[in-house]
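**Q** Protein chains in written order, with our numbering: chain A, 1 to 284; chain B, 1 to 284; chain C, 1 to 284; chain D, 1 to 284.
No wet-lab data here; the hints were simulated from the structure. Everything numeric in this text was worked out from a predicted model, so none of it was measured. It is possible that some hints are incorrect.
[Unchecked claim] Label pairs and their calculated CB-CB ranges:
| id | chain 1 | residue 1 | chain 2 | residue 2 | range |
| --- | --- | --- | --- | --- | --- |
| 1 | D | R243 | A | P185 | 25 to 33 Å |
| 2 | C | P143 | A | Q174 | 34 to 42 Å |
| 3 | A | S179 | B | E87 | 44 to 52 Å |
| 4 | B | R61 | D | R243 | 30 to 38 Å |
| 5 | A | R239 | D | E74 | 36 to 44 Å |
[Claimed, not checked] Heads up, simulated DMTMM-like pairs for lysine to aspartate or glutamate below, C-alpha to C-alpha not over 20 Å straight-line:
| id | chain 1 | residue 1 | chain 2 | residue 2 |
| --- | --- | --- | --- | --- |
| 6 | C | K97 | B | E113 |
| 7 | A | K279 | C | E210 |
| 8 | A | K279 | C | E248 |
| 9 | C | K97 | C | D58 |
| 10 | C | K279 | A | E210 |
| 11 | D | K279 | B | E248 |
| 12 | C | K279 | A | E248 |
| 13 | B | K97 | C | E113 |
| 14 | A | K97 | D | E113 |
Glycine is no exception: its CB is placed at the ideal position from the N, C-alpha and C atoms.
There are 4 protein chains.
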Amino acid sequence: MEEARLLITCPDRPGIVAAVTGFLYAHGANITDLQQHSTDPEGGTFFMRVAFTASHLDLARPALERAFQEVVAERFGMAWRLAFASERKPTAILVSKPAHALLELLWRYRVGELPMDLRLVISNHPHHREEVERFGIPYHHVPVEGGKEEAEERILTLLEEAGVELVVLARYMQILSPSFVERFPMRIINIHHSFLPAFAGANPYRQAYERGVKLIGATAHYVTEELDQGPIIEQDVVRVSHRHGVAELRRLGQELERTVLARAVRWHLEDRILVHGNKTVVFV
Amino acid sequence: MEEARLLITCPDRPGIVAAVTGFLYAHGANITDLQQHSTDPEGGTFFMRVAFTASHLDLARPALERAFQEVVAERFGMAWRLAFASERKPTAILVSKPAHALLELLWRYRVGELPMDLRLVISNHPHHREEVERFGIPYHHVPVEGGKEEAEERILTLLEEAGVELVVLARYMQILSPSFVERFPMRIINIHHSFLPAFAGANPYRQAYERGVKLIGATAHYVTEELDQGPIIEQDVVRVSHRHGVAELRRLGQELERTVLARAVRWHLEDRILVHGNKTVVFV
Amino acid sequence: MEEARLLITCPDRPGIVAAVTGFLYAHGANITDLQQHSTDPEGGTFFMRVAFTASHLDLARPALERAFQEVVAERFGMAWRLAFASERKPTAILVSKPAHALLELLWRYRVGELPMDLRLVISNHPHHREEVERFGIPYHHVPVEGGKEEAEERILTLLEEAGVELVVLARYMQILSPSFVERFPMRIINIHHSFLPAFAGANPYRQAYERGVKLIGATAHYVTEELDQGPIIEQDVVRVSHRHGVAELRRLGQELERTVLARAVRWHLEDRILVHGNKTVVFV
Amino acid sequence: MEEARLLITCPDRPGIVAAVTGFLYAHGANITDLQQHSTDPEGGTFFMRVAFTASHLDLARPALERAFQEVVAERFGMAWRLAFASERKPTAILVSKPAHALLELLWRYRVGELPMDLRLVISNHPHHREEVERFGIPYHHVPVEGGKEEAEERILTLLEEAGVELVVLARYMQILSPSFVERFPMRIINIHHSFLPAFAGANPYRQAYERGVKLIGATAHYVTEELDQGPIIEQDVVRVSHRHGVAELRRLGQELERTVLARAVRWHLEDRILVHGNKTVVFV
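Next comes chain A alone, as it looks inside the complex (with noise of 0.2 Å):
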């Protein structure tokens, strides 16, 4: 059975649910599960999720994306999107020397936990090929030794060459540009070892150390052009203490990178995402 999910934004007044049921329910759709959240139903922004069974639509997909938008969107001033589950994202894994994220991914993937189409995993360090091609993933090893913009340059002709909509830092330890940045405009999933806005920036789990925090934090997050700023999709934290040093913190900390970067890059692929302004809606 065919799952689809319309994802819409739009000012909030009253008889959005209604159109936007009416409309489905009118063209053959059941709806499997719908999500609501306004900022303020005065005034504010309405988000919506609404997922439904596609197998007995009354239109095909141009006609009816073009009917809603005639319909229904353009009377509420609605961004929207329609996605399908089948159409499974194309997706990049970047990586750098620390492999656990990357292979939580990898195993979540095997087992059918992550509905994406991988389609290639680019590192700056050649370590992870064995481990990757067991997958059938392709490996790109691409250097920064020889200048960051031209391993950028070759990063993005290896991502648009497999057509990759979706990019996943797993760990990937160089900044990128914001030129390539742009390219993937909340599109672009990090894990970052730290519980966002703290210790931002290099080595947070000695920054943790450091203050003395009693819990350190993996925060997962769009990528914006400013560094650790981007809308935050999840964070998990775990209690710390006085025992664990710098050592522990991070193996504690993977963990936490492992489970709040696979979970975030869930919701992306199941259309469960909205940004608004900087901040997230997830809808899970």
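Chains B, C and D: place on chain A using the hints.
**A** Frame of chain A; chains B, C and D shown alone:
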């Protein structure tokens, strides 16, 4: 601005959301929150909570309810009810000796976090009178020494005279008879000091200590005829270790009991809970 | 049975535990709990807390302290102190308008969970008088409108007259001057309503809302000259989402503030905290 | 630097810590970590774990053990053992079809987080051979179709030939016979996919779904003759709601199973667990 909530349970089939939201829109309601759930889009049960501002309805409440029944509810075989935020539920708290859960509810009531109409507190102990009366709430001491049946009869009379619709057992250590429970179906909330179904019955902290669990819990549930077997509304846990004796488990557990019970009561008062079989759907 | 606690900080080297426990055994102490920590067994700093029953000591306290200094402490270059559970620390609570943290402390004090000698409550608002005096605790209203310096002077006088050794800021919204802080080094505990170092300063819930974090926190710390920069004693977090506005963050955060502050105060009262640089070692 | 650990259980009475640490100091050990616990200082049971660097001991191991037995252990009636970090415990993993717990252990083993000597993996399914052999670990497929007794006999032979001391059941779905369990007292660790004692036995996720709990858990415990009744080593939980069907509970629960089992195995390998009756003392 008057807030109303419509709660619906019915067999799932296409068109429910469109019918309900179309009806509300047609009658001047502005939806502020909508949550729905289906156990299975094919032949399952459908649940929905719609919150809307009722300030500009075109019909008075009885006419609106009649219209909804005729136009929507009958067509889909709905069990449904309409609640208004301004109609605070007449509530009684029953409590035995430990005061922590009672105090938590009283504090939150006073600061406006529990939108109930608290009519009385009943206890089989005289101890809490001063504390309760300070809040302007009548306190009734109903001892059980004279016979459990007589006590229950006396409590029932007090509840009826006060027009109570919700009974909160804030660590009330007497088991209620089936005939009592029957009078308040899914309208008695109990806090049990364990992570149910583990450690049902008496002395759960001692049971937990003796089993050597590494987390202890608390469970808020609706009371049914079978002890500690009713639909679970909310649960939470806290980490413990070999260092914690029974007294420490009790101290740590009391924090849980307070917050878990307060959450469950608030959700009930805000009409966020639908019961299905022996389980709850909680729209938070 | 009298409980005593010996707290030690010194350069780490072999033989410390043997020397301390041998001394205690020789003088009739029965160790009930021993915890130690070393930042590095080679040249690091060593911390220890030993709890023991002092009922059968062969020396009176002054003689015991003198002997310990001569026989053990000097040999290892120890900073140390001896505390007796029966000597409850004279404590003051400072509070502004929000009552939740104050009430939590009062209630736990009454049921015996906070072994302090609570001597007075001081507030820049008159509101909590009745509540506090009910517990038999003097309440002093010290307004700041007449000048911050005068107010601080007045508070200092009150604290000194009452012989206070521990000052708890239970949401006291005035910034204390460096000279005030100096009078109570590592003896002022503040609750900050964020997960420090994130959202230091004013309006942390609004800051958290605007950054769009997925967890909010609370931090109990010792007050030092720099605002919100002192050694962290305890932190905790709670999950939030796009559904929570600033008011809901505040409501959820207040639960955290209450429990986090209560834990920190209890640990201080039980002599479980050692400060090292700008960090704490907490033996729980 | 060689790390050694001394684990002690004995009746509590004054002088134990002094005697043990005095002995260690006298023989050139430098204590790096000491943790102790008493069920009751008056007539209870005392537990201690002392970690120390063994590089400068004045006696060889057998002589040291003899001396400790004579000088200290006999005097206090101690059960004790000495372990060296360099002597990694010979370990076997038993697994059925689900691979998640096995993979987690293999990954952590490879990156050095599980200091075991992993000698073999045994499964009643052939599926994991390639995965396991990639890590250089022998894989044995022991089907149970030919008879459970024969299979168990075959497994025992494999374990004995490999000199295994620790058996980890990483979701091994066969019940072990009492005679098998007897061969490895407190040396078989199982992961059960529920928060024990709730939902012991088969299909815990389905049981949890049907009871409508709001948190699901996982429990690592030592295996004893009675199914799912052995001493609990570690537990953890994750929040769920009415939105989660059995498949989602399973997916969420697998994350828990992985981390909870990995923690328990690490603690065992680091000699952090003492068993007392049907409970554990875990020094972490």
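**Q** Take the hints in turn and mark each one as holding or not.
**A** To see whether the hints hold, each was checked on the structure:
For D/R243 and A/P185, the hinted distance range of 25 to 33 Å is satisfied, since their beta carbons lie about 30 Å from each other. With their beta carbons about 56 Å apart, C/P143 and A/Q174 fall outside the hinted range of 34 to 42 Å. Checking the proposed 44 to 52 Å range against A/S179 and B/E87 shows it is violated: the Cβ atoms sit about 59 Å from each other. Range check, B/R61 to D/R243: about 32 Å between beta-carbon atoms, so the 30 to 38 Å window is met.
At roughly 40 Å, the beta carbons of A/R239 and D/E74 sit within the given window of 36 to 44 Å. Straight-line distance between C-alpha atoms of C/K97 and B/E113 comes to about 17 Å, which keeps the hinted pair within the 20 Å bound. With a C-alpha separation of about 8 Å, the suggested pair A/K279 and C/E210 falls inside the 20 Å cut-off, and the hint holds. A threshold of 20 Å between alpha carbons decides the hint, and for A/K279 with C/E248 the separation of about 17 Å falls inside it, so the pair holds.
Proposed proximity of C/K97 and C/D58 is contradicted: the alpha carbons are some 51 Å apart, above 20 Å. Our distance criterion of 20 Å between C-alpha atoms is met by C/K279 and A/E210, whose separation comes to about 8 Å. A hinted pair counts as satisfied when its Cα atoms are at most 20 Å apart, and D/K279 with B/E248 qualifies at roughly 17 Å. Straight-line distance between C-alpha atoms of C/K279 and A/E248 comes to about 17 Å, which keeps the hinted pair within the 20 Å bound.
As the CA atoms of B/K97 and C/E113 are separated by approximately 17 Å, the hinted pair is consistent with the 20 Å bound. About 17 Å separates the Cα atoms of A/K97 and D/E113, which keeps this hinted pair within 20 Å; it holds.
In the structure shown, a violation is registered for the earlier hints numbered 2, 3 and 9, in ascending order.
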